[in-house]
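Peer 1: Listed below, chain by chain, are the residues.
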Amino acid sequence: MGCCFSSEEDKDQDVPHANERTPLLDPSQADHIHQIQGGRASRNSISQNQKGDEQSEFTRILRQTAINVIDVTSSDSQNMEQGEMQDRATQYSNRLNMVLSASGRSRVFQPNLPTGITSPQMTLTAPPVSLSDVQLISSFSEKCSNAACEIKIQHKESLVVTFGVP
Amino acid sequence: MTEDLKSYLNKQMATVDNLHAIAITDRDGVVIIKVANQMAPDTALRQAFLSVFGIMTEQASKMGMGNNSKIINFYDRFQTVQINAHPLLLHFIADRDANTGLILELEHALADVLQDISKVVTMIAQVRRQADADLFPGDNTINHCIRSRFIY
Chain X
1 MGCCFSSEED KDQDVPHANE RTPLLDPSQA DHIHQIQGGR ASRNSISQNQ KGDEQSEFTR
61 ILRQTAINVI DVTSSDSQNM EQGEMQDRAT QYSNRLNMVL SASGRSRVFQ PNLPTGITSP
121 QMTLTAPPVS LSDVQLISSF SEKCSNAACE IKIQHKESLV VTFGVP
Chain F
1001 MTEDLKSYLN KQMATVDNLH AIAITDRDGV VIIKVANQMA PDTALRQAFL SVFGIMTEQA
1061 SKMGMGNNSK IINFYDRFQT VQINAHPLLL HFIADRDANT GLILELEHAL ADVLQDISKV
1121 VTMIAQVRRQ ADADLFPGDN TINHCIRSRF IY
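Protein sequence lines correspond, in order, to chains X and F.
Here the first sequence stands for residues 1 to 166, where the numbers follow the numbering used here.
Here the second sequence stands for residues 1001 to 1152, where the numbers follow the numbering used here.
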C-alpha cells in the first residue's frame, strides 16, 4: 500500500513512550532542520548561522579581553552586601558541620616534624661529629664574626658631589 | 565538629610564635572558619580586608608569570601571609618579627582541613550556580561573565 508505517516496535527508537505525536527530529536542533530545507530558506539559514557565528566569536573575544584586563580598582564594586555575606557564612557553617561529621576524620594534633630529613634513622645512627671538628667550626665562626664586626668603611672622597654647579 | 576544628587550628597556631590569627575564607573573603587571639588586629579579619587578596591574587595571575599563589605583606607591626588554595583563601596574621617560613609551612599541616572545607565551598558554589542559571537562563553576556567571576 506504500505505507511507511509499521506497527512493530522500532528497535532503534530510543525515546521511551513514543507515540504518533513524538517528533522524529529533536526540536531543540532547529538549526539542522533549517539546513536541510532547500532553496531560499537554506541560504537564509546559512547567513543567519554566519551572523550567529560572528556574534558568538565577537562575544568570545570580548569575554576573553574582559578576563585578561588587569583591574585592581574593582575592589569597591566587588564588596558584597552585609546580608548576602551573612547568608553565605551561615550556609558555610551548616555545611561544614555536615561535611566534618560525614568525613569522620578525627583531628588529633601532632606537632610537625622537620621535613628536611627523609630517613632520620640513618642520621641518628651515624657516628657523632668529632670534638676537634666542632672546635674548628666554632673557632672559625668566631673569627668570621669578629672580622665582620671589624669591617669599617673609610671614605677618601666626598660623599656629596655637586653636578652642574659652575 | 566545628569546635574540634577550631581547637585543632588553635593548636596549629600555637606552634608558631607570635602568630595571632588563622582565617579560611572563600574567594569573596567570606569567613568559613577563623581562630584568633586577643593580639590579632580586628581590621585584618574583616571581609573588606580579606576579600582584597582574592582580587589581587586573581589580577596578579595575569602578569604573565603563571598563577599567583601567595602574597606576603609586612606592616609596621604585623605581617599577613595569604595563600591562594583554590577554591579557598588562607590568611595568617602575625607579628612583624614572626617566622614567615614556619607560617608558610602551616599550609601543609592544614592540607586535610583544607580538603574538607573545599568540599563545602564547592557544594555551595554549585547550588549558587544552579540558582544563577535558573534566574538568568541562556545569559552569556559579558556582564554575566564578570558577575559570575567568583562563582565556581
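Calculated from the structure, these hints are not laboratory results.
Positions of the beta carbon are idealized from the N, C-alpha and C atoms, including for glycine.
Among these hints, one or two may not hold up.
Not the full set, but computed from the structure, chain F residues with beta-carbon under 10 Å of chain X [to be verified]:
no. : residue
1   : THR1002
2   : LEU1005
3   : ASP1017
4   : ASN1018
5   : ASP1026
6   : ASP1028
7   : VAL1031
8   : ILE1032
9   : VAL1035
10  : MET1039
11  : LEU1045
12  : ILE1055
13  : MET1056
14  : GLN1059
15  : THR1100
16  : ILE1117
Peer 1: Interface hint check: MET1039 of chain F, Cβ to nearest Cβ on chain X, cutoff 10 Å. Holds or violated?
Peer 2: violated (21 Å)
Peer 1: Once the shortest beta carbon distance from MET1056 of chain F to chain X is found, is it less than 10 Å?
Peer 2: holds (7 Å)
Peer 1: Would the stated hint for ILE1055 of chain F survive a check requiring a Cβ distance to chain X of less than 10 Å?
Peer 2: It holds, given that the least Cβ distance between ILE1055 of chain F and chain X is near 5 Å, below 10 Å.
Peer 1: Taking the least C-beta to C-beta distance, is GLN1059 of chain F closer than 10 Å to chain X?
Peer 2: holds (5 Å)
Peer 1: Does the closest beta carbon of chain X sit nearer than 10 Å to the beta carbon of ILE1032 of chain F?
Peer 2: Constraint on ILE1032 of chain F satisfied, holds at 5 Å.
Peer 1: Given LEU1005 of chain F as an interface hint, is the shortest Cβ-Cβ distance to chain X below 10 Å?
Peer 2: LEU1005 of chain F check passes; min Cβ-Cβ to chain X is 6 Å, inside 10 Å.
Peer 1: Is the interface hint for THR1002 of chain F satisfied, with its Cβ closer than 10 Å to some Cβ of chain X?
Peer 2: Holds: closest Cβ of chain X sits about 6 Å from THR1002 of chain F, inside 10 Å.
Peer 1: Holds or violated: the hint that ILE1117 of chain F contacts chain X, with Cβ atoms closer than 10 Å.
Peer 2: Since the shortest Cβ distance to chain X is 7 Å, the answer is holds.
Peer 1: Is the shortest C-beta separation between VAL1035 of chain F and chain X less than 10 Å?
Peer 2: Violated - the Cβ of VAL1035 of chain F stays beyond 10 Å from chain X, reaching only about 13 Å at its closest.
Peer 1: Taking the closest Cβ pair, is LEU1045 of chain F under 10 Å from chain X?
Peer 2: violated (13 Å)
Peer 1: Can VAL1031 of chain F be said to touch chain X, with a Cβ gap under 10 Å?
Peer 2: This hint holds: VAL1031 of chain F lies near chain X, its Cβ roughly 6 Å from the closest one there, short of 10 Å.
Peer 1: Identify whether the interface hint at ASP1028 of chain F stands, where standing means a beta carbon of chain X within less than 10 Å of its own.
Peer 2: Holds. Min distance 6 Å.
Of the numbered hints given earlier, the model fails hints 3, 4, 9, 10, 11 and 15; all others are met.
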